[in-house]
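Participant: Listed here are the chains, written in short residue letters.
There are 2 protein chains.
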Amino acid sequence: MLETSLADEVLARCDELATFSEEAGRITRTFLCEPMRRLHARLGGWMEAAGLRVRIDAAANLIGLYEGSRDGARVLAIGSHLDTVPDAGKYDGVLGVLLGVAAVQALVRDGRRLPFAIEVIGFSEEEGIRFRAPYLGSRAVAGRLDAALMQRADADGITMADAFRAFGRDPARIDEAAYPAGRLLGYLEVHIEQGPVLEAQGAAVGVVESIAGQSRLWVEFRGQAGHAGTLPMEARHDALAAAAEFVLEVERRARAGAGLRATVGTLTVAPGAVNVVPGVARLSLDVRHARDAVRDAAVADLLTQARAIAARRGVAFAIDQQEHHPAVPADRHLADLLATSIAAAGHDPIRLVSGAGHDAAVMADVAPMAMLFLRSPGGVSHHPDERVLPGDVQAALEVIVGFLHRLAMAVHDFDLAGDA
Amino acid sequence: MLETSLADEVLARCDELATFSEEAGRITRTFLCEPMRRLHARLGGWMEAAGLRVRIDAAANLIGLYEGSRDGARVLAIGSHLDTVPDAGKYDGVLGVLLGVAAVQALVRDGRRLPFAIEVIGFSEEEGIRFRAPYLGSRAVAGRLDAALMQRADADGITMADAFRAFGRDPARIDEAAYPAGRLLGYLEVHIEQGPVLEAQGAAVGVVESIAGQSRLWVEFRGQAGHAGTLPMEARHDALAAAAEFVLEVERRARAGAGLRATVGTLTVAPGAVNVVPGVARLSLDVRHARDAVRDAAVADLLTQARAIAARRGVAFAIDQQEHHPAVPADRHLADLLATSIAAAGHDPIRLVSGAGHDAAVMADVAPMAMLFLRSPGGVSHHPDERVLPGDVQAALEVIVGFLHRLAMAVHDFDLAGDA
Numbered sequence: 001m002l003e004t005s006l007a008d009e010v011l012a013r014c015d016e017l018a019t020f021s022e023e024a025g026r027i028t029r030t031f032l033c034e035p036m037r038r039l040h041a042r043l044g045g046w047m048e049a050a051g052l053r054v055r056i057d058a059a060a061n062l063i064g065l066y067e068g069s070r071d072g073a074r075v076l077a078i079g080s081h082l083d084t085v086p087d088a089g090k091y092d093g094v095l096g097v098l099l100g101v102a103a104v105q106a107l108v109r110d111g112r113r114l115p116f117a118i119e120v121i122g123f124s125e126e127e128g129i130r131f132r133a134p135y136l137g138s139r140a141v142a143g144r145l146d147a148a149l150m151q152r153a154d155a156d157g158i159t160m161a162d163a164f165r166a167f168g169r170d171p172a173r174i175d176e177a178a179y180p181a182g183r184l185l186g187y188l189e190v191h192i193e194q195g196p197v198l199e200a201q202g203a204a205v206g207v208v209e210s211i212a213g214q215s216r217l218w219v220e221f222r223g224q225a226g227h228a229g230t231l232p233m234e235a236r237h238d239a240l241a242a243a244a245e246f247v248l249e250v251e252r253r254a255r256a257g258a259g260l261r262a263t264v265g266t267l268t269v270a271p272g273a274v275n276v277v278p279g280v281a282r283l284s285l286d287v288r289h290a291r292d293a294v295r296d297a298a299v300a301d302l303l304t305q306a307r308a309i310a311a312r313r314g315v316a317f318a319i320d321q322q323e324h325h326p327a328v329p330a331d332r333h334l335a336d337l338l339a340t341s342i343a344a345a346g347h348d349p350i351r352l353v354s355g356a357g358h359d360a361a362v363m364a365d366v367a368p369m370a371m372l373f374l375r376s377p378g379g380v381s382h383h384p385d386e387r388v389l390p391g392d393v394q395a396a397l398e399v400i401v402g403f404l405h406r407l408a409m410a411v412h413d414f415d416l417a418g419d420a
Numbered sequence: 421m422l423e424t425s426l427a428d429e430v431l432a433r434c435d436e437l438a439t440f441s442e443e444a445g446r447i448t449r450t451f452l453c454e455p456m457r458r459l460h461a462r463l464g465g466w467m468e469a470a471g472l473r474v475r476i477d478a479a480a481n482l483i484g485l486y487e488g489s490r491d492g493a494r495v496l497a498i499g500s501h502l503d504t505v506p507d508a509g510k511y512d513g514v515l516g517v518l519l520g521v522a523a524v525q526a527l528v529r530d531g532r533r534l535p536f537a538i539e540v541i542g543f544s545e546e547e548g549i550r551f552r553a554p555y556l557g558s559r560a561v562a563g564r565l566d567a568a569l570m571q572r573a574d575a576d577g578i579t580m581a582d583a584f585r586a587f588g589r590d591p592a593r594i595d596e597a598a599y600p601a602g603r604l605l606g607y608l609e610v611h612i613e614q615g616p617v618l619e620a621q622g623a624a625v626g627v628v629e630s631i632a633g634q635s636r637l638w639v640e641f642r643g644q645a646g647h648a649g650t651l652p653m654e655a656r657h658d659a660l661a662a663a664a665e666f667v668l669e670v671e672r673r674a675r676a677g678a679g680l681r682a683t684v685g686t687l688t689v690a691p692g693a694v695n696v697v698p699g700v701a702r703l704s705l706d707v708r709h710a711r712d713a714v715r716d717a718a719v720a721d722l723l724t725q726a727r728a729i730a731a732r733r734g735v736a737f738a739i740d741q742q743e744h745h746p747a748v749p750a751d752r753h754l755a756d757l758l759a760t761s762i763a764a765a766g767h768d769p770i771r772l773v774s775g776a777g778h779d780a781a782v783m784a785d786v787a788p789m790a791m792l793f794l795r796s797p798g799g800v801s802h803h804p805d806e807r808v809l810p811g812d813v814q815a816a817l818e819v820i821v822g823f824l825h826r827l828a829m830a831v832h833d834f835d836l837a838g839d840a
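Sequences listed follow chains A and B, in order.
Count the first sequence with this note's numbering and you get residues 1 to 420, in order.
Count the second sequence with this note's numbering and you get residues 421 to 840, in order.
Worth flagging that the hints you see were computed from the coordinates, not collected in a lab.
Where a beta carbon is used, it is the ideal one built from N, C-alpha and C, also for glycine.
Check each hint, because a few of them may be wrong.
Claimed, not checked - Non-contacting residues of chain A with respect to chain B, defined by C-beta distances greater than 10 Å in every case (computed):
id, residue
1, Arg37
2, Asp156
3, Pro171
4, Gly229
5, Ala293
Unchecked claim - Which chain B residues face chain A? A few, computed with CB under 8 Å, are given here:
id, residue
6, Ala620
7, Thr650
8, Val696
Claimed, not checked - Pair ranges (Cβ atoms, derived):
id, chain 1, residue 1, chain 2, residue 2, range
9, A, Gly25, B, Ala568, 22 to 28 Å
10, B, Arg475, A, Arg37, 48 to 54 Å
11, B, Ile739, A, Gly259, 35 to 41 Å
12, B, Thr724, A, Arg351, 45 to 51 Å
13, B, Ala573, A, Ala41, 52 to 58 Å
14, A, Gly25, B, Ala620, 50 to 56 Å
15, B, Asp712, A, Arg37, 54 to 60 Å
From just these sequences and the hints, can you work out the full model?
Facilitator: Written as structure tokens, this is what we have:
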């Protein structure tokens, strides 16, 4: 089965959705922004044309339902996210949603209904940009969204609750986004790898074995501001100099640990004037590893280093906020079905660890989870140069459709479809 | 002559003017901001009550004229700036303007006219915050404001020309702010030291011998953004890590040079997300020294270091903007008059170099310049903890009034007043 024309359509749609942005000339689409509303209208139109019944749930997730062959069938969710990092590429998140739609188009074209329903979910938020909290869409679907987050404000002082209201959603009804227990048969996410593994092995696609654990911390060095022209160097407690030492320590520590990734992705300075010695430096720290113990040890080491740097320089160090997500294994049964489908499509069924976090890690809490990766040329992602190869998109689509057929047989064989 | 009540009034006025701010709970008053308009009304009212004729010039400087004893007399300008750094103290700039007003009050109280007019100038801009260019008010008065600056935009994309219009000034008429050649007899600026020298010597006030030269550069490291979870450490070209190395190099180099000050006061990261390896880091560099050759050598060394760091990390380095202001000596005759007045007021006439830049450095281009410093407790400035001692304010006022009387005698003796 060749899916060339559907794959081409998916790529053309990625191009078009890239134009829904908060910034001219760049792709930036954060949680509950106005361009997301227009994207919902466009993508929802495509879903309807494909035969899906479309709704926007209480968490502003866009969901298209393709009914199963009988009423009350359980649901296989195929999802990924519709938000982006600032100045993003065209495929991170969006591609997985569009491939889910394309897989349904293939079923409709063949006149196939399956013994389970499919819901293609475009999650409203995954990147954690606007409210410094990731996976908001899938957390809501999984019934894991902390209500306290509603009071958190973005950089403009707008609370999440107000942002929901502005988007036409009632924050008090966020719980309605959660799927009823037992309704989900499974969760499949298709995503670009965003790393170099598949390319290094010459593979179009691969099966995710597990998603690396991730720690995110927001920390602050607080020294004392002063006049840049008069405060003697030896009398300074420069918060930025302390932060700079820490940035280099983070890099050094991560380089020393195999498979470890540690990143300071944001840094702001206050007061922030050319002629003022920085009084405060705030920065984020992102640490990831496939093994939780390795990640935990790295975070602990880095915090020890931060406190030592601060003490040596006579500045204060504090953790503003932190979250830690353990590594999440994929469901073995679903992963095997994906691998079989890859082999059946004529590809080598590579298995790999995801260094990136994904909604799948949240969804694994409430449903058997599987992930299919597409090769990322150059490993480039979170960047306008992010690419996918058309042949890989076609391969992924074949694998998804094959997976759906195999899952249908398995549901039938093992009677997993249970109407109850 | 004791000026206790006038000094108390000056301090109370500093307290009141501190409430004119762009930020609640902090003192931030940048060029042409709305609070500056309200401050002009309040301070202008005090000037008028003191007997000054008030105008706002084409560069939004607030100027109060106290006529001399005869028509057409030349002008002694007594000035300082009314803008502030973000989260500033109450005295930097404002105190000097208010002391100028108080000195005129003392003359009026004594029924004295001098053989020269006095103009007390509150400069609209000195700190260089809003448009990344300092001394805008005094540059305009000196006829040294580069017209190209009018097209420069602030962080909100507002050009300086538009900011002038919003403030009720016509940018096309900026040249009218320049004093006619020969009209200025001299320029006196009174300012807090913002450094530790006078306090270390137990002195209330001191005479500035020269203003240290200053280089300001805005530079950029440009690497490549990438996914924080997948991009291997060894494959990264992290712009922030390069900038962090540079920040520490700046600190190291300045510590190694006697009297040298070098500061990275601003640093921004793009894209600036917790889960994205920084692609771009922009930062400012401020380097100062009393000797231009020492400063020039430090800047050259640091740029060499920056390029070496960038080359080693495979990132690009570029200078966005730079300006270099040589050291400026005070006028020897006026400085001697200040020293004599300090001694006459019973204080030790300390002489010192100003590490901070001042409008006086610009005004020295068009008039004999003198500066009087007040002790800064703890050397603290550009910070809410900035203080002055009431006794020092009183001492400064006595010195200014004494200086005015001595200058009047000198003008008389040497016939410097020339009506032409």
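Participant: Would you mind marking each hint as holding or not holding in the structure?
Facilitator: Here is how each hint holds up against the structure:
1. Arg37: 22 Å, holds
2. Asp156: Holds: least Cβ distance 13 Å, greater than 10 Å.
3. Pro171: 24 Å, holds
4. Gly229: 4 Å, violated
5. Ala293: 18 Å, holds
6. Ala620: This interface hint is violated because 11 Å lies over the 8 Å limit.
7. Thr650: 3 Å, holds
8. Val696: With Cβ-Cβ at 5 Å, under 8 Å, it holds.
9. A:Gly25 <-> B:Ala568: 22 to 28 Å: Holds: the Cβ-Cβ distance is about 25 Å, inside 22 to 28 Å.
10. B:Arg475 <-> A:Arg37: 48 to 54 Å: Holds, since arginine 475 of chain B and arginine 37 of chain A (Cβ atoms, about 52 Å apart) stay within the stated range.
11. B:Ile739 <-> A:Gly259: 35 to 41 Å: 38 Å, holds
12. B:Thr724 <-> A:Arg351: 45 to 51 Å: 49 Å, holds
13. B:Ala573 <-> A:Ala41: 52 to 58 Å: The hint (52 to 58 Å, Cβ to Cβ) is violated, given that alanine 573 of chain B and alanine 41 of chain A are roughly 34 Å apart.
14. A:Gly25 <-> B:Ala620: 50 to 56 Å: Holds, at about 54 Å.
15. B:Asp712 <-> A:Arg37: 54 to 60 Å: Taking Cβ atoms as reference, aspartate 712 of chain B and arginine 37 of chain A lie about 58 Å apart, which means the hint holds.
Of the numbered hints listed earlier, those contradicted by the structure are 4, 6, 13.
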